[in-house]
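**Student:** Generate the whole structure from the sequences, applying the supplied hints.
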Amino acid sequence: MNSSDIAQLAIVGISACILAPFLGSYMERVYAGKPHPLAFLGRFERFIYKVTGIDPHEQMNWKQYTVSLLEFSFISIAVLFLILVGQGFLPFNPQKYPGLAWDLALNTAISFVTNTNWQAYSGEASLSYLAQAAGLAVQNFLSAAAGMAVAVAIVRGIARGTDSREGLGNFWADMTRSVLYILLPLSLILAIALVSQGVVQSISGYVPTLSFEGKNGLIPLGPAASQIAIKHLGTNGGGFFGPNSAFPFENPTPLSNILEMLAQILIPFAFPFLFGAMVKDKKQGYMLFMVMFVLLSIAVWGSLTSELRWGTLEGKEYRFGKAGSALFSVLTTITSCGAVNAMHDSLSPLSGMIAMFDIMIGEVIFGGVGSGLYGMLALVIVAVFIAGLMVGRSPEYLGKKIEAREMQLSMIAIIIPNFLILVLSAVAISLSAGRAGIANSGPHGLSEILYAYSSGAGNNGSAFGGLAANSVFYNLTVGLAMLLGRFGVMVPMLGVGGSLAAKKRVPQGSGTLRTNTLTFGVFLFFVIIIVAGLTHFPALTLGPILEHFLMLQGVKL
Amino acid sequence: MRIPAIPARIFKSVRFLFVMTILLGIVYPAVVTGIAQLIFPDKANGSLIVLDGKVRGSSLLAQRFDSPQFFHPRPSATDYTYIGAGASNQGPISAALVKTVEDRQVTWERSYGSLAPEEMLYASGSGLDPDISVDAALAQVNTVAKARGLSDYSRRALVAAINEQARASKGLIGVVRINVMKLNTLLETDPEYRGTVTRQ
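Residue numbers (the working numbering), protein chains in the order written: chain F, 670 to 1226; chain U, 9 to 208.
Because the hints were derived from the structure by calculation, they are not lab data. For clarity, every value in this text was computed on a predicted model and none was experimentally measured. Beta carbons: idealized from backbone N, C-alpha and C, even for Gly. Treat the hints with care, since some could be wrong.
In silico DSBU-like links for lysine-lysine, alpha-carbon gap of 30 Å or less [what the hints assert, rightly or not]:
id: 1; chain 1: F; residue 1: Lys732; chain 2: U; residue 2: Lys62
id: 2; chain 1: F; residue 1: Lys884; chain 2: U; residue 2: Lys20
id: 3; chain 1: F; residue 1: Lys884; chain 2: U; residue 2: Lys107
id: 4; chain 1: U; residue 1: Lys62; chain 2: F; residue 2: Lys884
id: 5; chain 1: F; residue 1: Lys732; chain 2: F; residue 2: Lys884
id: 6; chain 1: U; residue 1: Lys20; chain 2: F; residue 2: Lys703
The calculated label-pair distances, taken between Cβ atoms and stated as ranges, are [unchecked claim]:
id: 7; chain 1: F; residue 1: Thr1181; chain 2: U; residue 2: Pro15; range: 44 to 50 Å
id: 8; chain 1: U; residue 1: Glu110; chain 2: F; residue 2: Ser966; range: 36 to 42 Å
id: 9; chain 1: U; residue 1: Asn171; chain 2: F; residue 2: Ala1102; range: 52 to 58 Å
id: 10; chain 1: U; residue 1: Ser119; chain 2: F; residue 2: Phe1218; range: 36 to 42 Å
id: 11; chain 1: F; residue 1: Ala1073; chain 2: U; residue 2: Ile47; range: 58 to 64 Å
id: 12; chain 1: F; residue 1: Lys952; chain 2: U; residue 2: Leu180; range: 51 to 57 Å
id: 13; chain 1: U; residue 1: Ile14; chain 2: F; residue 2: Leu707; range: 33 to 39 Å
id: 14; chain 1: F; residue 1: Ile1098; chain 2: U; residue 2: Asp198; range: 54 to 60 Å
id: 15; chain 1: U; residue 1: Asp74; chain 2: F; residue 2: Phe713; range: 36 to 42 Å
id: 16; chain 1: F; residue 1: Lys1070; chain 2: U; residue 2: Lys178; range: 57 to 63 Å
id: 17; chain 1: U; residue 1: Pro15; chain 2: F; residue 2: Tyr766; range: 49 to 55 Å
Covered stretches of chain F, as calculated for chain U (at least 3 residues, CB under 8 Å) [as the list claims (entries may be wrong)]:
id: 18; segment: 790-798
id: 19; segment: 804-810
id: 20; segment: 855-861
id: 21; segment: 879-892
id: 22; segment: 1142-1148
id: 23; segment: 1216-1224
**Tutor:** Encoded structure:
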């Protein structure tokens, strides 16, 4: 590591840790409807409620909240699908791109509505400005807002007292507030900052050029900065241009790289603090933050070590270097962002594995906006239950008894993504349609498939890009993984929120297992490692770990 | 509480999506475009290189250079195409990658008579990386000067220009790099480096 690598790491880490507590307490005020610095936008908020016929004070129980979420998400998928297949007939299409094939359009629609942003296409080579700005970028905001809203609703359920008139909140109000007071202002600032570094923002058509040596070319432009800002802040990750944040128009300087990394961890870092404020026990938030931060530090250390020792500059940009690329690859996979500034397919085997494992662990090392928190809460509930069994205490979390129903729902939320990763990878490797997509031979080929379904089920969106993923087989199976990986975790966890909301708070006694302590943090850490490790270690052995040892032996395939 | 009939609820979802699309899909990008075009028009429009009123490329996107009269950028897996650019995605133990890297070393040695800096052997992530190391730029100076028929004085001025660009690139974070496009633009615009070359 040279001094500029250390500077990048320090700037990103320290700024995020300083900003996150403030953002967390600000977000608590926003969601609770308390006064806050941006409350002057309340006029717009009320206007939105008026024209959409929303009553923000209408309290929803967990079923109503879930139904609203699912209906809105499926309508969003349908509308986005229609925009993508019909872009040829719509305006703002300077390159006259035709509509996407049905399977690619379906995959892309699911991808953006589930906050995954898996991309089996190259933006600048296949999409109109309208499809990008009014289709994809809108879902970048709304899928992020949905994740945040669901997390807030679940925490309300956990924190709720005995007043049975309270529900989990109002889905539409939570969506609107997430967009208006959190995502939109931050995006506006970031977008302008990115333009100052050289990110393009234009609605003119592509620019014809004559190269220095006299060859004709066409430089792609578009409303990129506005979309790239929310792509990071909403942990979406879908690039405006094919090579994502490696493309100079998408991430032109070391400073823009720092801003993009900071943006993708900012809101996920704030969520544990928001949690602590909502349950009125800040130490609970600190405990979750510390567990996540330790896991993150291990991942950063491992990835940097491997990449600086064994990595090459293949697939990397010179302005980011090996360290700036390795750090980005960790931050984009611990959060469910999935933007890439270097090609993960060409990372050293262990750095590639760490990126994959960050996703396999359930996107809970901070994770996606909102989704990281409720994913972590599933593991907390399991940890509370196991700890309760071990020391012979009745398991409680924040004064609510953890019983069979919460355990069943949490286990479903944990098992579904893991099940999707392993089973779909096994199916793909067994079928010629699956093997047809592999680009590299040997263990790396397995890694490409394993990464694809991890990315889909974990709603990450990054890829081992060599995999030829734009086939009917991959479009549909990855689409399925994204859909179930999103709603198969959201819905059971909303169920947990609903179930805990209905329970009486029992006062803390001497027999209570305290969950805001270092001891519990350490215990939770090992539960997370064991659950993810036992599930995925066998598959990783056959992929990146085998590849690492082959590399040390000097084997070339 | 009564759950409203399904059509009414779906209508609510559609209305919400419609309003949000206006706000986030039209108003927001329009506002960002307006501000960007006002404050940073050059950057917002692609940092274009314009010579004699003609767009010759972007200073952020590398292009293909074959002639020894220009500095050469990093290798591109997609032949420097602007649309559909990308990387090789070859894995760390790929035999094909080893072969390609060996070939690039041979080509570099033939042109510049030295060991190639690492970034000149490995294709970039975007296929359009405009930056190279100071070493890679300095290694190419003599070849460029010779091809352009530069005097020894101009050649040394070129070395100084490279070192100056390196200093300026350091910035806050300290990543020292040379932008090939800016360097080649300098060759084409400064009479000092024009030498005996006529512009295409």
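**Student:** With reference to the structure, classify each hint as holding or not holding.
**Tutor:** Against the structure, the hints come out as follows:
no., hint, result
1, F:Lys732 with U:Lys62, "violated, 61 Å"
2, F:Lys884 with U:Lys20, "violated, 53 Å"
3, F:Lys884 with U:Lys107, "holds, 29 Å"
4, U:Lys62 with F:Lys884, "holds, 13 Å"
5, F:Lys732 with F:Lys884, "violated, 61 Å"
6, U:Lys20 with F:Lys703, "holds, 26 Å"
7, F:Thr1181 with U:Pro15: 44 to 50 Å, "holds, 49 Å"
8, U:Glu110 with F:Ser966: 36 to 42 Å, "holds, 38 Å"
9, U:Asn171 with F:Ala1102: 52 to 58 Å, "holds, 55 Å"
10, U:Ser119 with F:Phe1218: 36 to 42 Å, "holds, 37 Å"
11, F:Ala1073 with U:Ile47: 58 to 64 Å, "holds, 59 Å"
12, F:Lys952 with U:Leu180: 51 to 57 Å, "violated, 36 Å"
13, U:Ile14 with F:Leu707: 33 to 39 Å, "holds, 35 Å"
14, F:Ile1098 with U:Asp198: 54 to 60 Å, "holds, 57 Å"
15, U:Asp74 with F:Phe713: 36 to 42 Å, "violated, 55 Å"
16, F:Lys1070 with U:Lys178: 57 to 63 Å, "holds, 59 Å"
17, U:Pro15 with F:Tyr766: 49 to 55 Å, "violated, 34 Å"
18, 790-798, "holds (count 3)"
19, 804-810, "holds (count 4)"
20, 855-861, "holds (count 4)"
21, 879-892, "holds (count 12)"
22, 1142-1148, "violated (count 0)"
23, 1216-1224, "holds (count 4)"
In the structure shown, a violation is registered for the earlier hints numbered 1, 2, 5, 12, 15, 17, 22, in ascending order.
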